Amino acid sequence: MKKRKGRVGANWRLDETYIKVKGIWYYLYRAVDKLGNTVDFLLTRKRQSMSAQSFLIKAISYNYKS
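If you count the sequence shown from 1, position 31 lands on 31 in this note's numbering, and the numbers rise without skipping.
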């Protein structure tokens, strides 16, 4: 997926939502740029602030262009 991903904007926000996948509830964290393009996402079974924070740090490190 990383090979096919296009460029992302400089301003991001983190969305958190609760979705059902194959009958099981999961938390979906999405890093979204200013235009609404998904930068990266994380699907977890439990809601943990540390996992969301580490996800955002990894998304920034993978997509940051200086």
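Worth flagging that the hints you see were computed from the coordinates, not collected in a lab.
None of these values were measured; they are calculated from a predicted model.
Idealized CB from N, CA, C, for every residue including glycine.
There could be a bad hint or two in this list.
20 Å max Cα-Cα, derived SDA-like pairs, lysine to any residue [as the list claims (entries may be wrong)]:
hint	residue 1	residue 2
1	LYS34	ASN11
2	LYS22	ARG45
3	LYS58	LYS22
Label-pair distances were calculated between CB atoms; the ranges are [said to hold, decoys possible]:
hint	residue 1	residue 2	range
4	SER61	LYS20	17 to 23 Å
5	ILE24	SER61	16 to 22 Å
6	ILE19	SER49	27 to 33 Å
We went through each hint and held it up to the structure:
1. Taking the CA atoms of LYS34 and ASN11, the gap is about 5 Å. The hint holds against a cut of 20 Å.
2. Pair hint LYS22 plus ARG45 holds up; C-alpha atoms about 13 Å apart against a cutoff of 20 Å.
3. The straight-line distance between the Cα atoms of LYS58 and LYS22 is roughly 27 Å, outside the 20 Å bound, and the hint therefore fails.
4. At about 30 Å, the CB distance of SER61 to LYS20 disagrees with the hint of 17 to 23 Å.
5. Checking the proposed 16 to 22 Å range against ILE24 and SER61 shows it is violated: the Cβ atoms sit about 30 Å from each other.
6. Distance hint check: the CB atoms of ILE19 and SER49 are about 19 Å apart, inconsistent with the given range 27 to 33 Å.
When held up to the earlier numbered hints, the structure conflicts with 3, 4, 5, 6 and fits the remainder.
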